[in-house]
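Make a model of the complete structure from these sequences and hints.
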Amino acid sequence: MTQQLRKLNPKQEEYFANTRSSWKMRLFFLQKIPSLSWWGVRVTASDPQGVEATIPYNWRTQNPFSSTYFAAQSGTAELTTGLLVMAATQGHGRRFSTLVTDFRAQFTKKATDLVTYRCTQGEEVFAAVDRALASGEPVEIPLVSVGTMPNGVEVGRVAVTWSVKAKG
1195 MTQQLRKLNP KQEEYFANTR SSWKMRLFFL QKIPSLSWWG VRVTASDPQG VEATIPYNWR
1255 TQNPFSSTYF AAQSGTAELT TGLLVMAATQ GHGRRFSTLV TDFRAQFTKK ATDLVTYRCT
1315 QGEEVFAAVD RALASGEPVE IPLVSVGTMP NGVEVGRVAV TWSVKAKG
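Take 1195 as the starting number for the sequence shown in my numbering and just add one per residue.
These are calculated hints, taken from the structure and not from any lab test.
Note that CB positions come from ideal geometry on N, CA and C, so glycine has one too.
Just to be clear, a hint being listed does not mean it is correct.
As the list claims (entries may be wrong) - Below are the DMTMM-like pairs computed for lysine to aspartate or glutamate, each with C-alpha atoms no more than 25 Å apart in a straight line: (1) Lys1361 / Glu1348; (2) Lys1361 / Glu1318; (3) Lys1361 / Asp1296; (4) Lys1361 / Glu1208; (5) Lys1304 / Glu1348; (6) Lys1359 / Glu1331; (7) Lys1205 / Glu1331; (8) Lys1359 / Glu1318; (9) Lys1205 / Asp1241; (10) Lys1226 / Asp1296; (11) Lys1201 / Asp1241; (12) Lys1361 / Glu1207; (13) Lys1359 / Glu1317; (14) Lys1303 / Glu1334; (15) Lys1226 / Glu1334; (16) Lys1361 / Glu1334; (17) Lys1359 / Glu1334; (18) Lys1359 / Glu1208; (19) Lys1201 / Glu1331; (20) Lys1359 / Glu1207; (21) Lys1361 / Glu1331; (22) Lys1226 / Glu1208; (23) Lys1201 / Glu1317; (24) Lys1201 / Glu1318; (25) Lys1201 / Glu1334; (26) Lys1205 / Glu1318; (27) Lys1226 / Asp1241.
Stated by the list, open to error - Just the calculated beta-carbon pair ranges, DEER-fashion: (28) Arg1288 / Val1347: 39 to 47 Å; (29) Phe1264 / Ala1328: 15 to 23 Å; (30) Asp1324 / Asn1257: 39 to 47 Å.
In structure tokens, the structure reads:
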């Protein structure tokens, strides 16, 4: 997405490479989050600064009101935040407990085309994980993912708060 500012450890580099592999992400979705597979969600960019993912407008994502179902948009938005959290926790030699503690969404326009959700707070996520490692206490990370259609119209803004705690 942007110039890399942070030096990644090898596990984090591998994780981001895997998120940029379409077949690996399809397999991950089938195994762990099948709804994303059903909806046709695709990760289109992924690096330490941010993640973006698209959700198509088709019969699998459409609601009875001829727009993209809010749950499909919410799942796509949450994915963009969750991949950043998962990446930041890789390669530290410790496991992490992660949990969504708050979720709020605003859908401001009808989504009637492909929607791209972007979370560009990667540096904040990595800094929060560093704090969790240093303190041993849970750290809350408020993240926002913004959804736009190809014409630039914003259709949704989803705020996801993650709690991250290093184990052991």
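Going down the list of hints, with the structure as the test:
For the given pair, Lys1361 sits about 38 Å from Glu1348 by alpha-carbon distance, which is inconsistent with the 25 Å threshold. For the hint pairing Lys1361 with Glu1318, the CA-to-CA distance comes to about 20 Å; that is within 25 Å, so the pair holds. For the given pair, Lys1361 sits about 21 Å from Asp1296 by alpha-carbon distance, which is consistent with the 25 Å threshold. Under the criterion of a C-alpha separation no larger than 25 Å, the hint pairing Lys1361 with Glu1208 is consistent with the structure, at around 22 Å.
For the suggested pair Lys1304 and Glu1348, the alpha carbons sit about 9 Å apart, so the restraint of at most 25 Å is met. Using a Cα cut-off of 25 Å, the hinted pair Lys1359 and Glu1331 holds, with the two alpha carbons roughly 6 Å apart. Between Lys1205 and Glu1331, the direct Cα distance comes to roughly 23 Å. Compliance with the 25 Å bound is thereby established for this hinted pair. Between Lys1359 and Glu1318 the CA atoms are separated by roughly 15 Å; this keeps the pair inside 25 Å, and the hint holds.
For the proposed pair Lys1205 and Asp1241, the alpha carbon gap of about 13 Å is at most 25 Å, so the pair holds. The hinted pair formed by Lys1226 and Asp1296 meets the criterion: a straight-line CA distance of about 21 Å does not exceed 25 Å. The hinted pair formed by Lys1201 and Asp1241 meets the criterion: a straight-line CA distance of about 12 Å does not exceed 25 Å. For the hint pairing Lys1361 with Glu1207, the CA-to-CA distance comes to about 22 Å; that is within 25 Å, so the pair holds.
Pair hint Lys1359 plus Glu1317 holds up; C-alpha atoms about 17 Å apart against a cutoff of 25 Å. Distance restraint check for Lys1303 and Glu1334: the Cα-Cα separation of roughly 29 Å exceeds the 25 Å cut-off, and the hinted pair is therefore not satisfied. Between the alpha carbons of Lys1226 and Glu1334 the distance comes to roughly 24 Å, so the proposed pair stays at or under 25 Å and holds. Distance check on the hinted pair: Lys1361 and Glu1334 sit about 15 Å apart at the alpha-carbon level, within 25 Å; holds.
Taking the CA atoms of Lys1359 and Glu1334, the gap is about 9 Å. The hint holds against a cut of 25 Å. A distance of roughly 22 Å separates the Cα atoms of Lys1359 and Glu1208; the hinted pair therefore holds under the 25 Å criterion. The suggested pairing of Lys1201 with Glu1331 holds, with an alpha-carbon distance near 24 Å, which does not exceed 25 Å. Pair hint Lys1359 plus Glu1207 holds up; C-alpha atoms about 21 Å apart against a cutoff of 25 Å.
Proximity of Lys1361 to Glu1331 is assessed by CA-CA distance (about 9 Å); at most 25 Å being required, the pair is judged to hold. Our distance criterion of 25 Å between C-alpha atoms is met by Lys1226 and Glu1208, whose separation comes to about 19 Å. Using a Cα cut-off of 25 Å, the hinted pair Lys1201 and Glu1317 holds, with the two alpha carbons roughly 11 Å apart. Taken as a hint, the Lys1201 and Glu1318 pair is honoured in the structure, with Cα atoms around 14 Å apart against an allowance of 25 Å.
Restraint check for Lys1201 and Glu1334: satisfied, since their Cα atoms lie roughly 23 Å apart, inside the 25 Å limit. Proximity of Lys1205 to Glu1318 is assessed by CA-CA distance (about 19 Å); at most 25 Å being required, the pair is judged to hold. The straight-line distance between the Cα atoms of Lys1226 and Asp1241 is roughly 21 Å, inside the 25 Å bound, and the hint therefore holds. A hinted range of 39 to 47 Å holds for the C-beta pair Arg1288 and Val1347, which are about 42 Å apart.
Between Phe1264 and Ala1328, the C-beta spacing of about 38 Å breaks the proposed range 15 to 23 Å. Remark: the range hint 39 to 47 Å for Asp1324 to Asn1257 is upheld by a beta-carbon distance near 40 Å.
When held up to the earlier numbered hints, the structure conflicts with 1, 14 and 29 and fits the remainder.
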